[in-house]
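Novice: Chain by chain, the residues run as shown.
2 protein chains.
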Amino acid sequence: MSGEAVLRQVRSVLCRLEETIIFALIERGQFLVNRVIYEPGAFGPELGGESLVDYLLHETEKIHASVRRYLSPDEHPFFPDPPAPILPPLDMDDPLQPNNININGRIRRVYETEVVPHICAPGDDKQYGSSSTGDVICLQSLSRRIHYGKFVAESKYRGNPDLYMPAIAAADSSTLQAMITDPAVENEVLERVRLKASAYGRGTEDEGSQPMIDPETVVEIYERWIIPMNKEVQLAYLLQRQPGRPGAEEPT
Amino acid sequence: MSGEAVLRQVRSVLCRLEETIIFALIERGQFLVNRVIYEPGAFGPELGGESLVDYLLHETEKIHASVRRYLSPDEHPFFPDPPAPILPPLDMDDPLQPNNININGRIRRVYETEVVPHICAPGDDKQYGSSSTGDVICLQSLSRRIHYGKFVAESKYRGNPDLYMPAIAAADSSTLQAMITDPAVENEVLERVRLKASAYGRGTEDEGSQPMIDPETVVEIYERWIIPMNKEVQLAYLLQRQPGRPGAEEPT
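Going line by line, the protein sequences match chains A and B.
Numbered according to my numbering, the first sequence spans residues 1 to 252.
Numbered according to my numbering, the second sequence spans residues 1 to 252.
A portion of the hints provided could be inaccurate.
A pair counts as met if it fits within one copy or between any two copies, since identical chains are not told apart.
No more than 30 Å apart at the CA atoms, straight line, and that leaves these computed lysine-lysine pairs for DSBU-like [what the hints assert, rightly or not]:
#1 K126 <-> K231
#2 K126 <-> K62
#3 K231 <-> K62
Derived from the structure by calculation, the hints contain no laboratory data.
For clarity, every value in this text was computed on a predicted model and none was experimentally measured.
Construct the entire structure; sequences and hints are all you get.
Specialist: As structure tokens, this is what we get:
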């Protein structure tokens, strides 16, 4: 596939992920912040010193790892060294170059300290189970969206390897940063997210026409965290990319 | 709280669950039916003869049980005998009378054989992990919605114990069935679900204005399965209800 065609396909995945993320944020946002679910040890020694969200996320990852989730190049665990799959390995089609980029630690910090207080009203409603299972879904979809930067970067590279190769060889971050930045595309994303969040988050009239989520909140989450972190992944990926590897020179 | 006030509160939970269910159906519906994920043993002996969905649902329930999910009166496991919580028990506020109603077996059969083919296009896209984690979320939200019938029935009973007591004492199912049936309320639910599914499922124009889900599909799922099974739970609950127990005679 040509770089252009791959980029179109990648963008359609990102576009569909907007629904996943908006739905997940709306679902989590129906509960209060419930700060206690993020505090290590707050639920007693039974969780091994983890917070409730830690525990649920960690255990969920173990199950998903067992059925091969983290063999897929678009999935990244939050906890290091997920257990080996119990299913036999699959021959996965991986268009990416080898890399070890995983910024889930930062995604979690940003999520807990910035995103949650943005989407949830302050306070504690004791809905700890629902809130933390909601968090797991939010975190997994945000991680997928942000790490998809690897696919974005690979397809941009393939679309114009001669442009990217010298900047990569020189490890020239600021040139690469400029090359992967397209303000028109970013504005398009923000505008589309605004529209979608308005449509999905508005509630219905007999619920008091109180929107379930403020569209500007979702736009802000994209603008301040999702898009910048996605570009950070793109940059890190390009800096690790070996120019001579297959992909660049593939017939298109 | 008076029966009327409880019923209002119960209905507002049911109303908010409509979003949860519609979002979950839309998310699952982006993948094909992928029949193989429902076939016991199809993923090899590693899953102990379970289907992929069995396995993920079962393992997810074990984690959730460990943090007390199934101590909550509005939660019902699909697999019998969930492990004991590792967290110390909570003093849960349970307005229900003791009962052992759990129709998750039927919910699963209906979901796999009727709902999935309704919301997913036929075929296999190999998105087994995403499809089955989507199934877990759909099944859990449908189960919660349907078993909420217990709270509906309890609040109807409390609203008019003198009306319900003789029919319960006589185990008169058909009278009880008539008493819990309110076509006006059912039509209101269906109309609201139609509106919500149109708003949330319509997609955006640059995605080709192809709706993500047909609103009539969601309406049909409510009409054919969710509402009837919810009423079935209401009826079963009333038939088990002991008239002399607290609740009926509480000051309102």
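Novice: Does each hint fit the structure? Answer for all of them.
Specialist: Status of each hint after checking the structure:
Taking CA atoms no more than 30 Å apart as the test, K126 paired with K231 passes between copies only; the shortest distance there is 29 Å, against 37 Å inside one copy. For the identical chains of this complex, K126 and K62 are neighbours both inside a copy (26 Å) and across copies (21 Å), given an alpha-carbon limit of 30 Å. In this homomeric assembly, K231 and K62 come within 30 Å of each other (Cα to Cα) only inside a single copy, at 28 Å, whereas the closest approach across copies is 38 Å.
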